[in-house]
Amino acid sequence: MNENSFPQFTAIQRRAREKWTALQNGSQPLIYLGAASCGRAAGALQTLQAIQETLQELNRSAHIVQVGCIGPCYLEPLMDVQLPGLPRISYAKVTPEKAKRILRAALLEGDLSPKLAVGHFGDRTFTEQSGMPRFFDLPMLKPQVRVVLRNCGFIDPQEIDHYLAHDGYVGFVQALQRGPAGVIEEVKQSGLRGRGGAGFPTYKKWEICRAAAGEKKFVICNADEGDPGAFMNRSLLEGDPHAVLEGMLIAGFAIGAQQGLVYVRAEYPLAVTRLRHAIQQMRQSGFLGEDILGSGFRFNIEVKEGAGAFVCGEETALIASLEGERGMPRPRPPFPAEKGYRGYPTLINNTETFGILPNILRNGGQWFSQLGSPGNAGTKTFSLVGKARHTGLIEVPLGMTLRQIVFDIGGGTIKPFKAVQTGGPLGGCLSATHLDTPLDYENMRASGSIMGSGGLIVLDESTCIVDLARYFLTFSESESCGKCTPCRVGTRILVETLEKIARGEGEMGDLDVLYKVADTMQRTALCGGGQTAPNPVLTTLKYFMNEYLTHIQGRYCPAAVCTALFEYRILAEKCTGCGRCVQVCSSGAVQGEKKEPHTIDVELCIKCRACVEACKFDAIVGVPIAARQPQEVTL
Amino acid sequence: MTNPALTQFIQEENCDPGNLIPLLQHIQQTEGYISEQSVRQISHFLKISENHIYGVASFYSQFRFQKPGKHHLKVCLGTACHVQGGKQLAQEVQKQFHLCSGETTPDGAIDYEEVACLGCCAQAAVVEIDGAIYAKMTTDRLMKKLHELRNIQPVPAQADESCPPIPASP
Numbered sequence: 000m001n002e003n004s005f006p007q008f009t010a011i012q013r014r015a016r017e018k019w020t021a022l023q024n025g026s027q028p029l030i031y032l033g034a035a036s037c038g039r040a041a042g043a044l045q046t047l048q049a050i051q052e053t054l055q056e057l058n059r060s061a062h063i064v065q066v067g068c069i070g071p072c073y074l075e076p077l078m079d080v081q082l083p084g085l086p087r088i089s090y091a092k093v094t095p096e097k098a099k100r101i102l103r104a105a106l107l108e109g110d111l112s113p114k115l116a117v118g119h120f121g122d123r124t125f126t127e128q129s130g131m132p133r134f135f136d137l138p139m140l141k142p143q144v145r146v147v148l149r150n151c152g153f154i155d156p157q158e159i160d161h162y163l164a165h166d167g168y169v170g171f172v173q174a175l176q177r178g179p180a181g182v183i184e185e186v187k188q189s190g191l192r193g194r195g196g197a198g199f200p201t202y203k204k205w206e207i208c209r210a211a212a213g214e215k216k217f218v219i220c221n222a223d224e225g226d227p228g229a230f231m232n233r234s235l236l237e238g239d240p241h242a243v244l245e246g247m248l249i250a251g252f253a254i255g256a257q258q259g260l261v262y263v264r265a266e267y268p269l270a271v272t273r274l275r276h277a278i279q280q281m282r283q284s285g286f287l288g289e290d291i292l293g294s295g296f297r298f299n300i301e302v303k304e305g306a307g308a309f310v311c312g313e314e315t316a317l318i319a320s321l322e323g324e325r326g327m328p329r330p331r332p333p334f335p336a337e338k339g340y341r342g343y344p345t346l347i348n349n350t351e352t353f354g355i356l357p358n359i360l361r362n363g364g365q366w367f368s369q370l371g372s373p374g375n376a377g378t379k380t381f382s383l384v385g386k387a388r389h390t391g392l393i394e395v396p397l398g399m400t401l402r403q404i405v406f407d408i409g410g411g412t413i414k415p416f417k418a419v420q421t422g423g424p425l426g427g428c429l430s431a432t433h434l435d436t437p438l439d440y441e442n443m444r445a446s447g448s449i450m451g452s453g454g455l456i457v458l459d460e461s462t463c464i465v466d467l468a469r470y471f472l473t474f475s476e477s478e479s480c481g482k483c484t485p486c487r488v489g490t491r492i493l494v495e496t497l498e499k500i501a502r503g504e505g506e507m508g509d510l511d512v513l514y515k516v517a518d519t520m521q522r523t524a525l526c527g528g529g530q531t532a533p534n535p536v537l538t539t540l541k542y543f544m545n546e547y548l549t550h551i552q553g554r555y556c557p558a559a560v561c562t563a564l565f566e567y568r569i570l571a572e573k574c575t576g577c578g579r580c581v582q583v584c585s586s587g588a589v590q591g592e593k594k595e596p597h598t599i600d601v602e603l604c605i606k607c608r609a610c611v612e613a614c615k616f617d618a619i620v621g622v623p624i625a626a627r628q629p630q631e632v633t634l
Numbered sequence: 000m001t002n003p004a005l006t007q008f009i010q011e012e013n014c015d016p017g018n019l020i021p022l023l024q025h026i027q028q029t030e031g032y033i034s035e036q037s038v039r040q041i042s043h044f045l046k047i048s049e050n051h052i053y054g055v056a057s058f059y060s061q062f063r064f065q066k067p068g069k070h071h072l073k074v075c076l077g078t079a080c081h082v083q084g085g086k087q088l089a090q091e092v093q094k095q096f097h098l099c100s101g102e103t104t105p106d107g108a109i110d111y112e113e114v115a116c117l118g119c120c121a122q123a124a125v126v127e128i129d130g131a132i133y134a135k136m137t138t139d140r141l142m143k144k145l146h147e148l149r150n151i152q153p154v155p156a157q158a159d160e161s162c163p164p165i166p167a168s169p
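Heads up: the protein sequence lines correspond to chains C and A, in order.
Using numbering that gives the first Met the number 0, you'd call the opening residue of the first sequence number 0 and step up by one each time.
Using numbering that gives the first Met the number 0, you'd call the opening residue of the second sequence number 0 and step up by one each time.
Hints in this document: simulated from the structure, not taken from any laboratory.
Worth double-checking, as some hints may not be accurate.
Okay, derived cross-link-like pairs now, DSSO-like style, lysine-lysine, Cα gap no bigger than 27 Å in a straight line [unchecked claim]:
hint : chain 1 : residue 1 : chain 2 : residue 2
1    : C       : K573      : C       : K414
2    : A       : K135      : C       : K97
3    : C       : K615      : C       : K97
4    : C       : K114      : A       : K135
Using the sequences and the hints, build the whole thing.
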């Protein structure tokens, strides 16, 4: 790359690289701590305190680098230690006591506690020397390809210099050299499709917006990650905010905008803080302002906090919200690319789309198009959660099968696998027959689900499908903006019908109601939200009809979730009489002598599940209600 | 009675009706909730009706119209939390503290909210207490924690105070 045409950038970059090299090759140990929201939830801040106390006690100094989420959230809190001259070693589930033990051994005796380590970041020869696996050879990480997450977990997100030392803003400088048309051509070649879920080709949106006439233009980053069960955008903004902001600069330059806005969920306070800090650093380093790097390009970025409305993920609703109105969608066209925020042409892309852009500009569109599968270029991040053994944030090439994701990366489930839910509340529930389906935009749509922004919720036999459909529809009902009747009334009818089935009052005719209402909504709702809201019902009806029938005709909930449709029983052969369940029962329903099998009085039991959670032997199970004769089930 | 600090903020920030949401966020941050008086004041300065302001504010789940408690409890009802028992946590809070989402205990100790997703799905089920997120929560641990916070026993049950069915979001 010819960086010399921007001497100011070359100087900044050299300084940043020197700073990073000095940190890595310094004489002080480095301690990395995963301190994103997920790490903090698992206790990272207590671990941080323990690290600081231990250093003080031992009278040693070390650099503590608070990094973002590296991915395997189930191992958190993650603490890594890098002694001078040695690779970085990662330790999982580091409680304050464990941190003290590891640091004492490492700092006083140079003992790396290989038994406690999960992996190292060195080369393969170190594996032979130490007997520890490489971190990226762990089953959860090996099949992954990290493009947008490349810096998450490695750099301090509060340090622009760390980002610059890892080729940060090189993509933007490339963009300045190529000119707007060249940038759009590169994006076109890459085959990048919008990561918000719909999969519209990114370059097309850009071309429309670039061609649109307007004295001002805006770039909006949609970080209103409203899907319950999805946290990819949060992780990226917390772990590598500059990647997203650089993407916005590139987009702004390509379409001729002067102002960028990040619309971020107020529920993500750490992401908001990181963004504001990063923007301030950009301004100081000359990446924002009147004449960026002496190129004549003028751009500024502002953070706007959302106020909690799922529908604001829809672009026209998002704009209404930014304008101070109720976040209600309006019919398109005109599309925001022609007439958007305050009436000006506005480009709205998802956070992840922006995060990918610097990589495309830096490595070329050709490089990106070779990742993934034909027509579905590149990688995609997913939040792999629910009943999978290895939960966390992952990034895989598009086209990988669900089986690889759930079983190889996710490690499968403890109880038998039942389904995987994709695409959030507007997506669908796919059964075991779909495990070999490649995960891409077209295949997801063909199966009745959607790609969505990337939530993958793994379900096992303890999840009730009817309850899950009811859950999603309740969500859509309460989040429906109410503007159009099909969505406002349709979601209501779907919820009431599903509740009726869950209460044990379902009739076969209710299934027809579900189909009819869902069909009407798909055809007539105003926005994508209302049109896809019935997906959870339709896919569960399609792939899990048996379970609906068991609820309606068998009057039984096999997953022991719908409280009207099962009762608890203690299996005498599994119960050891430990008394744990007796202690937690708030209604006095569990009885029994110590060391004798216990029993549950079903009249007193309120099915709060406290005993099931307390039991270590899986001795408490849901069974059909004895007093009720099941009707014959026809499958 | 008007709040001079709010007036000053509106003038300094040069607020117009397009800034209504950041303005409401500012009020909630400084006063804890959106009071009738603050709505009246915004209406006066921005020259928009009180109805319009309530229309916008009540559309978004972030805004509350009741005075908050000393401690803040949020139970996450996102999908991952739902399948890992978030609903049971919410039901137990409703039952033991006689609280529905958006309410505060009569002694002003704890305010309670059911939220759609806190974004810590891999650690489900999670709750947020006073800004800190707690992972892999069980009903038993949550109740202990809350009684500790409040330092008293559960309130005795009163007649007819069942909450509406748990919505996925407040």
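Notebook entry, point to check: Against the structure shown, which of the earlier numbered hints fail to hold, in ascending order?
Noted result: Violated hints: none at all, because every hint is consistent with the structure.
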